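If you read the sequences in order, they're chains E and W. Residue numbering for the first sequence follows our numbering, beginning at 24 and increasing consecutively. Residue numbering for the second sequence follows our numbering, beginning at 22 and increasing consecutively.
Treat the hints with care, since some could be wrong.
[Said to hold, decoys possible] With a straight-line cut-off of 27 angstroms between C-alpha atoms, the simulated DSSO-like cross-links for lysine-lysine are: (1) E/Lys64 x W/Lys24; (2) W/Lys119 x E/Lys64; (3) E/Lys89 x W/Lys119; (4) E/Lys89 x W/Lys124; (5) W/Lys119 x E/Lys78.
Quick caveat, the hints were computed from the structure, so don't treat them as lab data. Values in this document were obtained by computation on a predicted structure and should not be read as measured data.
Next come the chains, spelled out residue by residue.
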Amino acid sequence: GAVVSQHPSRVICKSGTSVKIECRSLDFQATTMFWYRQFPKQSLMLMATSNEGSKATYEQGVEKDKFLINHASLTLSTLTVTSAHPEDSSFYICSARELVGYNEQFFGPGTRLTVL
Amino acid sequence: LAKTTQPISMDSYEGQEVNITCSHNNIATNDYITWYQQFPSQGPRFIIQGYKTKVTNEVASLFIPADRKSSTLSLPRVSLSDTAVYYCLVGDGNRDDKIIFGKGTRLHILP
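Next up, chain E with everything else stripped away, as it sits in the complex (with noise of 0.2 angstroms):
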């Protein structure tokens, strides 16, 4: 099946800095591509949608100037959380839409956040 990746799979940091997350489609291409959040115990929570040359679409109550999305090209999209704070830790994960067929959604293995 496709395969998403995401790097770096943890990361710790401190508050006030910017941490980049890159998330892959590494056999197929993706037109689009989506960003969530999951706090422990809860389900996940869809932060924006991310379409090749465009700009992202964020769901209502998500920074877009915390969180920058940046979908280059139709294997890549970056997540940058901005001056992160210790309420930003969190899992996220992203997904990527294969362009043909049913447009199944493929799931990497996520990025463990922590804020210091």
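Position chain W relative to chain E; hints supplied.
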């Protein structure tokens, strides 16, 4: 707003068959039903997908009644490693279709 409703949690024993039902009363004509499994600190993993009647693969079966307002994921002979959260999702898979997760079902398999 999530389109699906599932039991919050279920317990079962090793070797048993487990059935998890999902309600999706407002499912649209073009929507498919997809089930994902998630282990702690991992991304969701695709289990099975269907549109109507019954679908079976090597890990599960999916039963969908004629009105498609619900579906049941059936896991045969579960083991401890099937302890996970299971999500039922509906969507038409088009480019702009957003997959909104419900709360999922936390399945706990006991020895």
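To see whether the hints hold, each was checked on the structure:
1. E/Lys64 x W/Lys24: Holds - the C-alpha atoms of W/Lys24 and E/Lys64 are around 20 angstroms apart, at most 27 angstroms.
2. W/Lys119 x E/Lys64: Cα-Cα ~22 angstroms, so holds.
3. E/Lys89 x W/Lys119: holds (21 angstroms)
4. E/Lys89 x W/Lys124: holds (26 angstroms)
5. W/Lys119 x E/Lys78: Roughly 16 angstroms separates the two Cα atoms, so the pair holds.
Of the numbered hints listed earlier, not one is contradicted by the structure.
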